[in-house]
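Peer 1: Residue numbers (our numbering), protein chains in the order written: chain A, 1 to 350; chain B, 351 to 700; chain C, 701 to 1050.
The hints are simulated quantities; they were obtained by calculation from the structure and are not laboratory data.
Cβ coordinates follow ideal geometry from the N, Cα and C atoms, glycine included.
Be aware that a few hints might be false.
Stated by the list, open to error - Using C-beta positions, here's what the derived DEER-type ranges look like:
id	chain 1	residue 1	chain 2	residue 2	range
1	C	R735	B	L549	48 to 56 Å
2	C	A821	B	G550	25 to 33 Å
3	A	E329	B	G552	31 to 39 Å
4	B	P397	C	S1010	18 to 26 Å
5	A	P309	C	K760	22 to 30 Å
6	C	A761	B	D656	32 to 40 Å
7	B	D656	C	G902	24 to 32 Å
8	B	R687	C	A710	57 to 65 Å
9	C	K760	A	R337	49 to 57 Å
10	A	Y58	C	K760	52 to 60 Å
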Amino acid sequence: MADARFFPSAGPFTLLQIAEIARLRLPANCDVQRRFTGIGPLDSAAPEHVTFFESRRYAKALATTRAGACIVAPRDAARVPATSIALQSEAPQRSFAALAAAFHPERRPAPGIDPRAVVDASARLGTGVVVEAGAVIGARAEIGADVWIEPNAVIGADVAIGAQSRIGANASISHALIGARVRILPGARIGQDGFGFALGKGLHQKIPQLGRVVIGDDVEVGANATIDRGAMDDTVIGAGTVIDNLVQIGHNVRIGRGCVIVAQTGISGSTRLDDGVMLGGQVGLGGHLRIGAGAQAAPRSGIIRDVAPSEAVMGYPAMPLRHFLRLAEKWRREGRRLSQGTARAERDED
Amino acid sequence: MADARFFPSAGPFTLLQIAEIARLRLPANCDVQRRFTGIGPLDSAAPEHVTFFESRRYAKALATTRAGACIVAPRDAARVPATSIALQSEAPQRSFAALAAAFHPERRPAPGIDPRAVVDASARLGTGVVVEAGAVIGARAEIGADVWIEPNAVIGADVAIGAQSRIGANASISHALIGARVRILPGARIGQDGFGFALGKGLHQKIPQLGRVVIGDDVEVGANATIDRGAMDDTVIGAGTVIDNLVQIGHNVRIGRGCVIVAQTGISGSTRLDDGVMLGGQVGLGGHLRIGAGAQAAPRSGIIRDVAPSEAVMGYPAMPLRHFLRLAEKWRREGRRLSQGTARAERDED
Amino acid sequence: MADARFFPSAGPFTLLQIAEIARLRLPANCDVQRRFTGIGPLDSAAPEHVTFFESRRYAKALATTRAGACIVAPRDAARVPATSIALQSEAPQRSFAALAAAFHPERRPAPGIDPRAVVDASARLGTGVVVEAGAVIGARAEIGADVWIEPNAVIGADVAIGAQSRIGANASISHALIGARVRILPGARIGQDGFGFALGKGLHQKIPQLGRVVIGDDVEVGANATIDRGAMDDTVIGAGTVIDNLVQIGHNVRIGRGCVIVAQTGISGSTRLDDGVMLGGQVGLGGHLRIGAGAQAAPRSGIIRDVAPSEAVMGYPAMPLRHFLRLAEKWRREGRRLSQGTARAERDED
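Use the sequences and the hints to build the structure in full.
Peer 2: Now the structure itself:
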């Protein structure tokens, strides 16, 4: 159960309410007025909680769960123990996420500008905006309705932020147009100079970075991630793309819609990702590449060539996933053999 | 010698005082009232300084040191030149660290809340707390005695911080319970949302992150490191664990006591490290893994399977260290041979 | 064209002015009074814009550009289409950078200390300094003429910053001496404790970090990069070196002049880079290494041995670039063959 200190509960909800919130099919003959006080994982949920099951990896935990109700796919309904009500969903995790959000709605400060925030007189703020203490909003910035700006965040001059977005503590944004319902987590850096220099024997000469960062709706940017603005064109993040902590996105990168980019990955300048690309953690992409729609890169891949749509790659230099897995298996055996050979040779020398 | 501008000195100390501070055995017939004004490395310490020797790598520097005294292990005492007093310790580096701390105690502002800090009226602060300008402390936060919060740090609602901890400039903490004597370096991000989504063809649906970050006593978290809070359970960092800069720790990770995690390493969600694990820099760990007590990963290892207690691994995918070193040696020779073959072939073509 | 919302224009300039700003040779018989309103890339510049051409990769775009003038090397002047005036430069990109800076000078707040900044009474500020809201400047800090400190940045006690430097939003600096014309991008962390512990079975004992960070003139440090101060000696960054986002530089590292260090690279403690070293993105360097002048490491190299001057390396463990490329080519073929073998074997089993 969530710690009430940090996550106050909005429940209880009846089974009928729960079915509506999470789009669930209730079994026949269940008591639709039965009340549930919260949610929990399979192994620790109590009879007054709702849990969910989606991965077979947790089949054992499902068999012994004490949860009073369990969201499952129709094909798994029969696995739910008799002590738990099987609530059917085509997408159990999505249903559970919706229910979790209903039980624990985001705790939001009352609208208003903290007197210790610094908002330029020429900035335009929509209704319902929250600006917490220490936040600084520059000249002519446009902050949409219900935007929430956390303490000590810095919004530069002329930046636009769409409705219902949330900007984390100590984050900074400049030279950027940001969509609606975007979440920028604490410490993210958006819109600073790209890394562009005319290299030379003497001083490297800085190339003015004259583009912007343009972020679509429903994007999430992780803590301490960095997104540089473009040099001449813009750096673009498509709607619905989610970016994890400490990711680096270089200038002029263009990312499509619905991409998933896991922590500590870096994308070099002018590379383009089409829609639905998924990059594991600590992946690196060279500059000026094109990664096709739906392509996937395993964690720690280093990509130096274009990747075709839907292709899965791994390794450095990245190759087709299937190829790399075979190669890695060969390396594993080879490493063992070489090491044993050495051990034997060393024994022989004794 | 430390720059007095940044590191004022608390000395001088007599040899007798030094022996007590650093738990040293003095040689017979030395002048216990002789005064030393500071510390220094072997190659630049002066006669009024104390130095130390532990690694044979520096044997040459020891032979020519001008330091007036040198902390050494008993087995190395005879190596100390006649111009330097050999001060014996079972752990020379630890002794030296204690002496360094005595000569240069941390320069701490006077207790009190800067009038330009923002502390919620419902927050509870212990005695001796320092809150510097621009720091923001949320509702109901509990700040232990002698905690030091640096400028522009942000402590969220309900966060608890144990006595004598120090929170760096521009760091942010939310949804977290933090032990005593913990050091969070500048810009670290603790307690923000984990990276959890129910992926889909349309929008990826955010899964509410309802866990906390729980940090034990005597932990250090590096600059701009990120530790996400748990999804349902907590993210846990055991007592005495030290974490370097730009490290990423995903949601629900559980780290034991006394671990060492070097810079830019990333640990994926739900992975568990037992006590005393050591991870080199730029290591990556997959999710849901178990790393046994005392295991070690060389820098840049990519770990995708469980690691047994005390095992040492290297490479990607990680294999036993010994195996990888042999394999790498084979690669080195192979790369050279292939390149020479090509060079020869190219010459033949001419 | 740059978005005038973020990048107001200082033009128009005549061809004569442009030739002076960017050190260009004008063709005979051109109208030196013709006015240009801005700059743009080859493919989108209009007749009233100046563009540039340097890489043959863009030869096609040059042939069809609508730009009214194009900066080119003398050897490429004949490639410029007749609708565009060929402006000759020995270094077209540098010339273009200078012109871009003239058309779009950095938009700088008026000098002065924002009343919501916090400047210690003992700090000394030069003429023309800008301190924006929420910035905190510690005791005895020395801020040179025309330095610009952005919102919520934190400058620690006794730090010195040279003239015309700029410190980004939410950055923090302590225990550091910083040169002139240095740019620290938002969220960078400079001068915090290095990662030094006397490791032990019980608690790891922190080793006081008593060195400084010393940064030369004309250095750039990227967003959320981290540079730790030295343990006993200093961490040193030579003049003109440029460092990208999320780079980690450990204690006692010494970097020469004019180095280029791309994003997410990490340099372990006490390693030394001589002048003009270039490190690609996500490179890792072990500790106590020496990297010779002009050496280059390809992206994702992991360097565990010294590198000779002018040597180019790649891979992990890093080997000569040429060797690694051959080896990688072999791996690519091997992975394909192994995978096909398996596919064939699987078909045979059916």
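Peer 1: Decide, hint by hint, whether the structure agrees.
Peer 2: Hints versus structure:
no., hint, in the structure
1, R735/C x L549/B: 48 to 56 Å, "holds, 53 Å"
2, A821/C x G550/B: 25 to 33 Å, "violated, 57 Å"
3, E329/A x G552/B: 31 to 39 Å, "holds, 37 Å"
4, P397/B x S1010/C: 18 to 26 Å, "violated, 42 Å"
5, P309/A x K760/C: 22 to 30 Å, "holds, 25 Å"
6, A761/C x D656/B: 32 to 40 Å, "violated, 52 Å"
7, D656/B x G902/C: 24 to 32 Å, "holds, 27 Å"
8, R687/B x A710/C: 57 to 65 Å, "holds, 59 Å"
9, K760/C x R337/A: 49 to 57 Å, "holds, 52 Å"
10, Y58/A x K760/C: 52 to 60 Å, "holds, 55 Å"
Checked against the numbered hints given earlier, this structure breaks hints 2, 4 and 6; the rest are met.
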